[in-house]
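Asker: Sequence:
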Amino acid sequence: MASVLVVEDDQFVRSALIRHLTDASHTVRSVGTALEALREVAHVRFDVVILDLGLPDLDGAEALKMLRGVTDVPVIVATARDDESEIVRLLNDGADDYLTKPFSVEHLSARIAAVLRRARGAASAGAPSGVLRVGGLCVDPLRRQAELDGRVLDLTRREFDLLAFLASRPGVVVPRRELLAEVWRQSYGDDQTIDVHLSWLRRKLGETAANPRYLHTLRGVGVKLEPPL
14 MASVLVVEDD QFVRSALIRH LTDASHTVRS VGTALEALRE VAHVRFDVVI LDLGLPDLDG
74 AEALKMLRGV TDVPVIVATA RDDESEIVRL LNDGADDYLT KPFSVEHLSA RIAAVLRRAR
134 GAASAGAPSG VLRVGGLCVD PLRRQAELDG RVLDLTRREF DLLAFLASRP GVVVPRRELL
194 AEVWRQSYGD DQTIDVHLSW LRRKLGETAA NPRYLHTLRG VGVKLEPPL
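One gets my numbering by counting positions in the sequence shown from 1 and adding 13 to each.
Hint data in this document are derived by calculation from the structure and do not stem from the laboratory. Careful, some of the hints might be misleading.
Simulated pairs of lysine-lysine, DSSO-like, Cα-Cα distance not exceeding 30 Å [what the hints assert, rightly or not]: (1) Lys217 <-> Lys78; (2) Lys114 <-> Lys78; (3) Lys217 <-> Lys237; (4) Lys78 <-> Lys237.
Quick list of the computed label-pair ranges, beta carbon to beta carbon [said to hold, decoys possible]: (5) Asp96 <-> Lys217: 16 to 26 Å; (6) Ser122 <-> Val57: 32 to 42 Å; (7) Pro240 <-> Asp36: 30 to 40 Å; (8) Lys114 <-> Ala55: 22 to 32 Å; (9) Val118 <-> Arg190: 35 to 45 Å; (10) Asp167 <-> Glu97: 25 to 35 Å; (11) Asp22 <-> Glu97: 43 to 53 Å; (12) His229 <-> Glu97: 42 to 52 Å; (13) Asp95 <-> Leu129: 35 to 45 Å; (14) Ala37 <-> His229: 37 to 47 Å.
In this text, all values refer to a predicted model and were calculated from it rather than measured experimentally. All C-beta atoms in this analysis are idealised placements derived from N, C-alpha and C, irrespective of residue type, glycine included.
Given these sequences and hints, build the entire structure.
Answerer: Right, dumping it as structure tokens:
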């Protein structure tokens, strides 16, 4: 069973997908626009997103780039476009898989299962085994849970990955390029993506950029996590 977000503006298609995925024991939420999708992934943890490219408010390819700026949730693109160069571009922009419309529900189920296997396998292979402790911060990579002074933190998948990566290198200044490569799995990108996630993470740690406790930014260099003095 997985938590699935369906992003599809065609009500008929959306209803059919919801019905099929629910029958397959998945938990399903659905929206009809790109902006609604961005709001959903910012507040809810999903296992996979089914993204239609023909959205009314924003081209799906641009929506994909924006989604990749805030989450690493696996994205399966559903498109009527069968141009090979377009599909290659979508995959390079962060799509994990694609389906060309029309497609069968069986085909969709198989693609979802394959994407989830890859995502869960990568998480297991890349996760450190030990609990990480930095001051009052406790990060458990295997359980994907973080606590601050005994209080469980409500983190998105990307926020947790960022915190865990920094906690595995306490006191070490990690360059932004390394964060993009190791946390976002991108060889290049916008520094604003990192800044936004750091801002959200600071808020949940009860600190600010002006008054940091755990997260310290060295302008033009990188970021480090260390216990408060």
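Asker: All the hints need checking, so say for each whether the structure fits it.
Answerer: Quick rundown of the hints versus the structure:
1. For a cut-off of 30 Å, the pair hint linking Lys217 to Lys78 stands: about 25 Å separates their Cα positions.
2. Proposed proximity of Lys114 and Lys78 is supported: the alpha carbons are some 21 Å apart, at most 30 Å.
3. For the given pair, Lys217 sits about 17 Å from Lys237 by alpha-carbon distance, which is consistent with the 30 Å threshold.
4. For the given pair, Lys78 sits about 27 Å from Lys237 by alpha-carbon distance, which is consistent with the 30 Å threshold.
5. At roughly 42 Å, the beta-carbon separation of Asp96 and Lys217 lies outside the given 16 to 26 Å, and the hint is violated.
6. In this structure the supplied range 32 to 42 Å is violated for Ser122 paired with Val57, their Cβ-Cβ distance being about 22 Å.
7. Roughly 49 Å separates the CB atoms of Pro240 and Asp36, a value that falls outside the hinted 30 to 40 Å.
8. With their beta carbons about 27 Å apart, Lys114 and Ala55 fall inside the hinted range of 22 to 32 Å.
9. Checked against the hint of 35 to 45 Å, the pair Val118 and Arg190 passes, with Cβ atoms roughly 42 Å apart.
10. A hinted range of 25 to 35 Å for the beta carbons of Asp167 and Glu97 is inconsistent with their spacing of about 42 Å.
11. Judged by the Cβ atoms, the range 43 to 53 Å given for Asp22 and Glu97 is violated: they are separated by roughly 25 Å.
12. Checked against the hint of 42 to 52 Å, the pair His229 and Glu97 passes, with Cβ atoms roughly 46 Å apart.
13. Take Asp95 and Leu129: their Cβ atoms lie about 25 Å apart, and the range 35 to 45 Å is violated.
14. About 46 Å separates the C-beta atoms of Ala37 and His229, a value consistent with the hinted range of 37 to 47 Å.
Going down the numbered hints, you'll see the structure goes against 5, 6, 7, 10, 11 and 13, while the others check out.
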